[in-house]
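Visitor: Chains R and U, in that order, are what the protein sequence lines are.
According to the numbering used here, numbering within the first sequence proceeds without interruption in unit steps and concludes at 418.
According to the numbering used here, numbering within the second sequence proceeds without interruption in unit steps and concludes at 152.
It is possible that part of the hints are untrue.
Stated by the list, open to error - Pairs of lysine-lysine residues, derived as DSSO-like cross-links and limited to a Cα-Cα distance of at most 30 Å, are as follows: (1) K26(U) x K20(R); (2) K97(U) x K48(R); (3) K26(U) x K125(R).
These are computed hints drawn from the structure, not numbers from a lab.
Residues per chain, in single letters:
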Amino acid sequence: MARDLEWRKKELSLDEVAAKFPSFPKLLILKIDVQRRGVIYTEAAQSKIDPNIHQVQSDGQQGFRIEQRYFPEGLILKDGSYLIVSYDYDFENQKRDPYVVDVIDDRIWITDEGRKLAEVSYFVKPDYYNKLASNGEPLTKYISSRPQRIDVVLNQYCHFWDRNGGGCKYCPLTPNYLKQKLKEERYNVKYIVEAVKEALKQEGRFSGFMFTGGSILSGDNVLDDELDAYIELIKAIGDLFEDGKRYPSQLISSAFDERQLERLVNETKLMHYTTDIEVLDREKFAWICEGKNHYIGYDEWKRRLVASIDYFGKGNVSSGMVLGVELASPNGFVSEEEAFKVITEEAETIVENGISLAANVWRPAPGSVFQNQYNPSLEYFVSVYNKFDELHHKYNVGRYTDDYRRCGMHPGLDLLRV
Amino acid sequence: MSIIDNVLKEDINNPTSLKSVTAVLKSGVPHTVYKGSLHVNEDGDIVFNDILESSRINEALVNAIWFDKYITVNVLTEDKRSYEIIAKAKESITQGKEFEEVYKKLKKDRDFDLNAIWVIEPVEVRNESFDYRKKKQEEDYPFLKHLDRAVK
Ligand code: SF4
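Just chain U, with the same shape it has in the complex (with noise of 0.2 Å):
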């Protein structure tokens, strides 16, 4: 079973929401893209579309399915909720009806030719929403607080 809820689902797939994959290359250097296609599927899995094959964030996510590495996928609402998502390299799928499918649309619809689509599964959600995170903080840990910011 996913980790991802129906709430989140809808946020991520709501077309309105700013969505972006980070994943780490050989070198070590992060490598953050912002992918509009990316949605959760049926099965709970984080699906997007990488269209330029020499890409670094292509070479990134090879990077993370062979040594089993990290990728993050951030994504924020119109209304600025926040969410990071923790997941691992499920698949690159470059051939194939699915694959036919979703290029003949991206070629008829923007000219574009498709490398791959990129399966990944969450491991792990985080509510990174500034509100959500700046209550946790002032319950969790009192301690974290300039001093004028507390006098009577």
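Chain R on its own, in the form it takes in the complex (with noise of 0.2 Å):
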């Protein structure tokens, strides 16, 4: 796909999307529209990275990404949340230009044809990074981490991929495993909670846990042996933890049914629950996540997630969705309209519940399935994700998990926080 030199005349500008939604913060708009479009370092602000004291992704492992490069791993704004830009960006297609961080009169600034529109500065690296765990691996190895967050991808293979057309089309993670061709779908869970005590020694830094990983479909039944390597990895770092207590931590998983939430529950101290429906149509569903639906199907899934609540309570339950990604040709929606029509609608019968939706902006990924597409408008992103915040405000949900500063990663759940 080649740059479409005219994109800039298609759609409406941050500008006009700003005026257009003007009770939606600007720096906001912004951050949407960086993850929409992507992001690229200047040299500039490339040599404004301190290795030592920045967290740059060449430093640790990432499997929604391949690319190594020497670029920070995130954002931090100064309304003090962070903004990420974890997937591979693809320099070659892209058909929009991407943003630039620049460096003017010192200072280090997300920019557009040259003009400042918002000052950044880099993530700072945690102190258990350059350390090794006790088999002489990296302890980045093991889990990673956003500015306040501990984060442990424990399976790095989904096995939906296992059946033909399974895997989610948006999704680069096992077609980057794969590319890379790695072996070790699962790590030792000693080795992860050697990780985890290192990291928890420096004191203000973690607020919180996220574990997460590709789907196990073996086992008794479906997903039994996900929810088995979960309970162990939750219990083993629980042990660090007050008796009696839930930790602050979330688990993003495939939907287990009732008998596998209650054990869930009652075996581990985990505080909240997050099953990902992904896309708010039973069909598109059916296309995009072939093997999701194959296995559980769109309708057994968000029942799932909405029987959760009774077992983590309301507030501890949340679904993450790619937002965008139902317009993808060739089966998607073909307007903009239709597509905000029938997902905002879909989007209430499930928050009613009070479930929050962590809504990411689709960028095709380099290595998915849809690695070639064009996504949405600006306009359409802040249109859905305002009326989501409608929708959250109204059935007041959760609003401290995946949220602007324990993730960074879904701007419109930095909403919540006004």
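Assembly of the complex is requested from the two constituent chains, each provided in isolation within its own frame, with the hints serving as guidance.
Guide: See below:
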């Protein structure tokens, strides 16, 4: 796909979208657009990276990208929120121009066409970086981190890909795993715990965990092995925390049924449960998340998501989704108007239960089935996030998981700050 | 250059002064809190800690930084001199070495957590001390007086 030199003329600009949504903070519109269009760094911006201080992509492993460039792991904005642009950036095949991080008057700015838009700084490296586990491997192999969250990707491979066409079409996790010819599907929990113990020595750095990974379908019943693996992990880390209390932790897993949820809540000190519905339309879900649809199905996934509130409590359940992918071709919605109507109506049937929607901005990731597609307009993303925010406030959802500081990936949830 | 002079800076940084911060919530309702940690830094900006992440002042300050709203800081010294400082939100620090240093001190001294260190930039200072305002009104608006106070 070649750069469309006329793309700016075909859609509303950042300023025009901001003018259309005056009660939507312009800084968040910019965050959404940076995630939508991607970002690159000038040499001057790269020279601002201090390898002893800053966390760069090439320091650690990240299943969702292969590129290990000398780029900051993420950006910090002046409102104290974080901007994650963690998928690989396809330098060759972008229809739109990316934003550019540059240095102007010795300060680091997100710019577009040379215009300063927001001053930023770079993620600071946690103290456990550059340290080794007892097996001699770097601790960064076992955990990764946001400025305030420890992330553990338990299974590096997703078994929905075992089925032909079963992997989610926007997802680069398993394609990246296969491309790199990795063999170690799951790490030994012992080394993950060693990494966590070291990370926790840094006072004031981390305020929560996010556990996730590729789906594991095996077991007496589908997903039983995935459940066992997470229980082992969450329990082992839980042993580091006070007895009799849950610890600030979130699991993003496949959709467990009631029997599995009961085990998860009873056998661990997990605080928050997330299972990603991904696409808010039964038909589009069946096409885009073929494996999820085959093994569980849209209606059952949604039913289990809602049922999990009985185990974790209102405010402690959320669902991720990949916003914009419903417009992928050839089987997605053809118009943004129709997509908006369908997915916001469907969203209410989920959010009305007190479940928040942690929606990512879909930027076609290299390696994914949808890698060369064109994502929707900025206006579309902002209008959907705006509607979701209305629903989130109306139904009083939990506001501190996947938020601006623990995650930084879901600009729509930043709106819950006010 | 900051508009806060050295005298005011000393007054603000004096632990015996009472200091409040007011910002407006999204609903339009103003919200005020008292901030013992409030001080003026080397750049002349006003800095204070917000301890509770779920606090209303945090909401109001986020509203201020997103929508470029004014914030007011009121200072009352022990000898009853009073100032109002009108400011704009500049930065909310939620991570990094400075954050961790403040966090560690708060944890050690008071067993507190830390949500954010807020940095706000003063744009106007008003002397609100009663004696000063009274004198100024008498000079500027001699009309404003009950007649019985003016009779011989
Ligand atoms: S379930 Fe879908 S989104 Fe999740 S890891 Fe597997 S393919 Fe990726």
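Visitor: Taking the hints in turn, state whether each one holds.
Guide: Verification of the hints:
{"no.": "1", "hint": "K26(U) x K20(R)", "verdict": "holds, 18 Å"}
{"no.": "2", "hint": "K97(U) x K48(R)", "verdict": "holds, 17 Å"}
{"no.": "3", "hint": "K26(U) x K125(R)", "verdict": "violated, 34 Å"}
Checked against the numbered hints given earlier, this structure breaks only hint 3.
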